[in-house]
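S.K.: Between the sequences and the hints, there should be enough to build the whole structure, so can you do that?
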Amino acid sequence: MSILQAAYRVCKSIRSLPVREEVKGLIHNLSFGSLAEGTQSRSYRELGFLGKNASIQFLGYLVVNQKGDVLEDLPYQTKIGSLSPDELSLLERTHRFILQIDKNCCDYLGAVLPNAVDAIDPYLQHDYKFQRVPDKGISLNLESIGNLCAAFEQHPSLRIIREHLTPRNNIRQIPKERLSCVVLTIVSRIDSYGLFDEPPDLQQLEITVKKNSQRYHVGKILTALVALKTSLSILNQLLYQAFLYDKLAVLNQENVFQIGKHSRSFLGESISVSSQLLNHEIFSNAGGMVLIKLPLNNHKIDGLYRIERNDVSVSADFGNSMKLGLRRIDNDLNCYPGLTPDG
Amino acid sequence: MKKGEKDKVSEKLKEIFAEDPDSEQWQMILHFGYLSNIEKFFKERKIQVDDKGFLETISGSIMQAQEYFNASKVASLHTSPLLLYYGVSNLMLGISSLMIGSSLTIENHGMRLELNKEGSGRIADVEIRPFGSETGALSQFCKAFYKGTVFPCGDNWTILEILGSIPELKPDFENCYPDAQSYTIPVQIVRRDNDYLERINPINIERFENRTGVFAEIENFRNCYLLPETSLEEKYIILRRKIGGREIGVYSVSGQKFLQISHVKGNHCITLPTIIYMYMGLFAFGHLSRYHPERWSPFVRSDSTGEKQLIEKFIDTSRRYLPNLALNHLHQKRIRFVNNTQGALDLSNTMEEELKEMIQQELRVLLNKKRGGSGK
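For the record, the sequence lines run as chains A and B. Numbering-wise, the numbering used here puts 93 at position 93 of the first sequence, and it's gapless, one number per residue. Numbering-wise, the numbering used here puts 359 at position 359 of the second sequence, and it's gapless, one number per residue.
Just to be clear, a hint being listed does not mean it is correct.
[Claimed, not checked] Below, a list of computed lysine-lysine pairs in the DSS-like style, where the Cα atoms sit at most 30 Å apart:
#  : chain 1 : residue 1 : chain 2 : residue 2
1  : A       : K247      : B       : K242
2  : A       : K52       : B       : K369
3  : B       : K143      : A       : K261
4  : A       : K210      : A       : K247
5  : A       : K24       : A       : K12
6  : A       : K300      : B       : K242
7  : B       : K143      : A       : K323
8  : B       : K242      : A       : K261
9  : B       : K12       : A       : K300
10 : A       : K293      : B       : K242
11 : B       : K369      : A       : K261
12 : B       : K40       : B       : K143
13 : B       : K369      : A       : K211
14 : A       : K323      : B       : K369
15 : B       : K369      : A       : K210
16 : B       : K333      : B       : K14
17 : A       : K52       : A       : K323
18 : A       : K261      : B       : K12
19 : A       : K176      : B       : K369
20 : A       : K79       : A       : K24
21 : B       : K12       : A       : K323
22 : A       : K323      : B       : K356
23 : A       : K323      : B       : K242
24 : B       : K235      : A       : K323
Just so you know, these hints were derived from the structure itself, not from any lab.
M.R.: This is the structure in structure tokens:
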């Protein structure tokens with residue numbers, strides 16, 4: 001079973017959790033305001049807006065809630081509301097739930113390269129201190145979690161790491177903070193090149209660097225860690241969306257009117273698509289996951305994609321539309337398959 | 001539509017320089033008044049024609065068509081509809097024979113007039129009843145111009161419906177019959193850099209009873225367009241073509257696009273090409289003038305409602321545009337006669353502001369790369 005299939009099964013299990021309706025209701029209130037006494041206010045919705053746009057799932061709301069005072073000092077920032085104790089408790093529970101799944105999926109890496117576990121943590125940059133003592137966790141079907149962890153053990157990044165952990169390789173000696181910083185730098189560098197371009201030095205690793213050199217082995221491990229980090233980040237987003245929505249947003253013949261640039265590069269596949277505005281219930285922020293199902297004759301673009309960019313246009317003269325920049329996600333939940341080529 | 005891809009309209013549009021469009025279009029049609037040109041036309045399409053009588057039918061029809069058209073120009077409304085109807089019948093016989101490659105079996109008009117004796121007295125209330133699906137001219141011409149669809153017979157059409165289906169008449173039609181529903185909706189095409197859309201002014205669908213459901217009455221609309229969207233302040237109704245959606249609608253002689261509302265006849269929803277609507281309308285007026293002078297003559301002499309003016313416009317429009325439509329069907333292109341300067345391409349308009357914006361955007365991307373971008 002691929003990681004993607006295993007992730008879908010976990011998402012399906014999430015949809016039948018009793019706590020899901022509570023979580024869904026809370027996030028909906030944060031987004032659109034609530035009729036409940038004392039909660040409907042602009043500042044409350046400001047928390048919801050900032051939390052959602054942080055693109056780090058439930059942690060976004062928690063961080064904004066915790067650092068509201070600091071954020072309010074920023075220029076042009078309006079007042080930010082606070083979560084009630086029950087709301088805080090609920091969101092921390094769901095965030096812990098995701099953290100636990102991440103931890104289970106990283107067990108194998110922890111055994112092979114312990115100082116790299118933090119490096120692949122999608123939430124590493126965010127310093128959040130839990131404020132509530134966990135009273136009860138969220139229990140999920142053990143079989144689906146087990147399948148997901150087993151699938152993650154087959155992630156190509158782990159194969160690459162095993163292959164390149166040679167006796168001469170000193171990557172195990174690199175402090176975890178430094179290793180995390182390097183992985184983050186590579187991620188930032190990829191981001192800075194945008195959707196249709198890529199850092200030339202990543203491809204150079206395969207072409208010009210001597211295959212037996214220390215530099216090559218370390219380079220391969222670092223890029224494999226980037227891919228693994230990406231897969232975890234995408235997994236977290238899928239789990240988050242499973243709490244909030246019954247299905248993934250679909251870009252298809254009923255909403256897409258233009259396909260822009262479509263590129264297959266060293267890193268992976270990217271595409272630009274213009275569509276009518278999707279229903280507000282369907283997640284369409286940067287970092288969100290969407291499916292494409294378009295029966296095109298010339299090339300197949302159907303699949304799961306991560307939204308890298310969403311430019312929304314609202315105009316009385318030209319109507320409403322959004323232009324999405326998307327990266328394709330493969331069966332390993334990786335949108336940079338070029339970093340984990342087959343051996 | 002894919003970015004960079006021309007929309008199918010511009011690919012099918014053929015602009016021909018003409019100082020006098022009417023004269024130019026007849027030059028193109030009269031090309032088929034010569035047997036050798038007809039033979040060459042069939043040879044190019046690998047159609048074997050041995051029957052010289054068939055070739056003479058095409059040639060003769062086209063030559064006669066022109067003479068009837070010319071005669072109708074100088075006749076008054078007492079006889080011009082009949083002359084024009086004969087001209088159009090001949091023209092459509094010739095052109096459809098060219099399109100199909102074989103002779104048509106026509107034994108009658110394929111329709112008859114039904115005067116509503118108890119009606120309002122409006123010419124618009126006169127009805128046309130199609131019949132004879134195999135040998136009627138209407139059915140036979142539909143095979144050529146209506147993509148082979150058999151015309152359903154039995155239900156009546158009013159002249160009002162026919163006139164309301166002709167795009168060029170829309171403003172005059174709505175002015176003459178304020179309570180009547182038109183069967184065409186004008187659409188504005190908007191082309192921007194990397195974008196194409198169509199939009200409708202909401203005023204143009206105010207007359208429809210079911211404004212929200214009017215698009216459901218357009219044949220193939222849902223196969224070709226996404227759900228219509230009302231823009232901010234209800235300024236426009238925005239239409240976006242689906243990926244792979246083909247173009248629907250018709251164009252008037254001015255190049256304005258129109259979407260056509262279907263007519264419900266029995267169990268069928270029918271949308272006819274404009275050439276057929278014009279043919280049916282000319283049959284009605286020709287037949288009225290020829291066989292019902294007791295109705296037609298007083299109408300022409302002393303109409304005070306304004307209907308006469310509308311019908312005159314219909315006659316003039318048909319005279320000018322029906323041959324153009326026939327050529328469009330024959331050549332499978334939208335032929336537009338223009339008076340632009342030929343042989344020159346003006347690239348001097350560099351869209352300075354747009355270029356500046358594009359350069360600024362590229363610079364921002366480069367600077368962002370240099371700074372290392374934002375981390376995730």
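S.K.: Could you run down the list of hints and mark each one as holding or not?
M.R.: Tested hints:
no.	hint	verdict
1	K247(A) x K242(B)	holds, 23 Å
2	K52(A) x K369(B)	holds, 26 Å
3	K143(B) x K261(A)	violated, 42 Å
4	K210(A) x K247(A)	violated, 46 Å
5	K24(A) x K12(A)	holds, 15 Å
6	K300(A) x K242(B)	holds, 17 Å
7	K143(B) x K323(A)	violated, 44 Å
8	K242(B) x K261(A)	holds, 17 Å
9	K12(B) x K300(A)	holds, 28 Å
10	K293(A) x K242(B)	holds, 13 Å
11	K369(B) x K261(A)	holds, 20 Å
12	K40(B) x K143(B)	holds, 23 Å
13	K369(B) x K211(A)	holds, 28 Å
14	K323(A) x K369(B)	holds, 22 Å
15	K369(B) x K210(A)	holds, 27 Å
16	K333(B) x K14(B)	holds, 6 Å
17	K52(A) x K323(A)	holds, 19 Å
18	K261(A) x K12(B)	holds, 25 Å
19	K176(A) x K369(B)	holds, 27 Å
20	K79(A) x K24(A)	holds, 24 Å
21	K12(B) x K323(A)	holds, 29 Å
22	K323(A) x K356(B)	holds, 21 Å
23	K323(A) x K242(B)	holds, 15 Å
24	K235(B) x K323(A)	holds, 22 Å
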